[in-house]
Amino acid sequence: MAVGKEIKTKIASVQSTQKITRAMEMVAASKMRKTQERVMAARPYAKKMSQVIRHLAQASSEYKHAYLSERDVKRVGIILISSDRGLCGGLNSNLFRKFVGQLKQWNDAGTEVAMASIGSKGEGFLGRLGGKVLGSVTHLGESPSIEDLIGVVKTMLTEYDEGKIDRFYIAHNDYVNTMTQSPKIVQLLPVYTEELEEELTHHWDYIYEPDAKDVLDQLLGRYIESLVYQGVLENNACEQAARMVAMKSASDNAGTLIDELQLIYNKARQASITQELSEIVAGAAAV
Amino acid sequence: MSMTIHVDIVSAEASIYSGLAEMVYAPGEIGELGIAPRHAPLVTRLKPGEIRVDTGKEELDFFISGGILEIQPHVVTVLADTAIRADDLDEAKALKAKKRAEDALADKASDIDFAKAQAELAEAAAQLQAISRLRKTR
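Those protein sequences? They're chains R and C, same order as listed. Residues in the first sequence are numbered from 1 upward in steps of one, following the working numbering. Residues in the second sequence are numbered from 1001 upward in steps of one, following the working numbering.
Note that these hints are calculated values from the structure, not bench results. Ideal Cβ positions, reconstructed from N, Cα and C, are used throughout, including at glycine. Possibly wrong hints are sitting among the right ones.
Some chain C residues flagged as far from chain R (calculated, every beta-carbon gap over 12 Å) [said to hold, decoys possible]:
1) Met1003
2) Thr1004
3) Leu1020
4) Ala1036
5) Pro1037
6) Glu1059
7) Leu1060
8) Asp1061
9) Phe1062
10) Phe1063
Derived DSSO-like pairs (lysine-lysine); straight-line CA-CA distance at most 27 Å [to be verified]:
11) Lys132(R) to Lys1099(C)
12) Lys1098(C) to Lys164(R)
13) Lys8(R) to Lys248(R)
14) Lys104(R) to Lys1098(C)
Bound-form chain C, shown alone (with noise of 0.2 Å):
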């Protein structure tokens, strides 16, 4: 028998794939990766691309938008993003953010305004309950 590699590909939001390979291919940042087993302990981050893993009897592909892979002797890793990821891309995302704080911020006063009628909503039913069981005992 052959020997083989243990492979975990995740995403944050749920385990793609894991089982055992000969061969892991993928697409390293700075060159293509063939990972056989007992290769040496790495990290390296991902370019989006292909991963490729070799079963001995058929080979699976996914497709991956970037992430990081790491190397045990035994263990391949690869942690997937599942967004599409750029710093500048990032940066909007965070001002959006920001933006819509001050947004709710300005807004408070009607947000104030709800959260008083709610008030006086709930404090209304509660006196008609009040009145209901009232009404029930005489």
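So here's chain R without its partners, still in its complex pose (with noise of 0.2 Å):
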């Protein structure tokens, strides 16, 4: 029978698509379970950090940072953190989205912005946007480690440190949970510390070694790098999250297609035999 060839190895070929998407989807949510462990793990370091930057914010030192007090904006920097690899539904491009939305605002009001991106997706964009690139790192992995961030970190943070920019931002997606991830813009510096309460009664400080200026320096670079870390480790288990759900959809969506496909398949076969025996009958009624 001709046209139940055809149907046959259609049927086989969403067979065996379907079953790549079931595989994805399985190992997605194996993946979204380690990376959230490592979200928690990640904390910790963070919030210790915020921690002492609350207290030095708090003690009156005798040194204020670059990084904990407001300038002009004239100029802004962000790094835009996506995933390596596509195949994970809406989650780049609606990060992109997001993203564009603050340039094109950033663009009204006349402010510069310099840019750097994390993951090759978000490399491949920031290209087609066109616009000042500062610094890329791609191809980080399921463990990206703090290392390979240092980079893309410090080009920004040089930037800053020379005062050719006045705020850096990371866009990044937001783990909400499996089934909702919201893109993100978070500004990193200026320290937000309008949240720090007064709650000390009496005035101290701490001793420095070797001093404040050096200690400072280094503490903050680190806050920033743990803060940019975080952001990445967030965006990977959205992006996990997001190719399960997408995955699950797609087996889904094949196994439709092969139930409307097998049942197209059962009436054409139905109707070749109707045919022959009508034939047979109208063959032996002549005879």
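Both chains come to you apart, so use the hints to assemble them.
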């Protein structure tokens, strides 16, 4: 049967696609758990650091660091954190849309923007977008290390130190739950100190070794790095969750397609049998 | 019971140790520090070396490749670095990131071609699906 064979091949091909999407779904599910654990493991460091910085802000320090004081905004820097791979639904495009919206706002306000990217999807996007790209790093894998991020963060911090940018942001996806990931743009510099409340009853200060400037320099640098690192981890968790959901719906769609094709095949088969029968009966009657 | 001080050793990638100690020894930048409970508040950079935590029962050793030490009268916090750090090393990494961005920009054309091809492929797939649906309803 010629018609039946075509449909059979089609069913087989959809089935093999479904096998792939199902495997990817399961892989993403197991990776998602691991990435979430990593996000949890990174939290204490950033939390401890913000505690120390809060202490420093409260303590009557004789030295005011540039990272802690606001200045007029003429130029801003932003790092776009995206995934390295596709097949994760609208995850990256949602983030890029939000990013472009923010860029437009800055353009309207006459603010210049310097950009950098983490992840190859973002790198490609910034390339297509045009504009000033300061740094880029890709292929961090599922377990990124701080070491990979130092370079790209350093380029931004140097710009800030030299007064070439007055604010520093990161754009990444925030993990809400498995079904929901929300793109977010967060300001890292100057460090947001408004919520630091005065709790101390008396004035005191740390003993600094070797001196306040050196210690604060290093501490704030590390703090910013850890925040970017957290952004990368969050984005990773989002990527796996989004991929899992996307692959699940792809498998489901393949399932319905197979059902429909099977129905067509059965109908065609039955039609050809009926036709043969009626031909035989007609032939017998003629004899 | 003797006095104790709470010790937290954390790195950006994991929490390494958290617990009580009678005495903590750390490699400060300008000299080895011995920290007993109710030490004066202090912040210092750490050199690569060993942190020893004396819990009274046993002595625990942790190797760190640098970091920052914060002392409050009842809490010691070690913010350990995971990477080996030096200013010129950081500089080299920054340059690498910069170069990578420039290369990507120079490579723009091929990327656009790829994006375009991808878009065309998606369109073709959608057309195929529409055709198969039409066939089915007929």
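**Asked** So which of those numbered hints doesn't the model satisfy?
**Response** none
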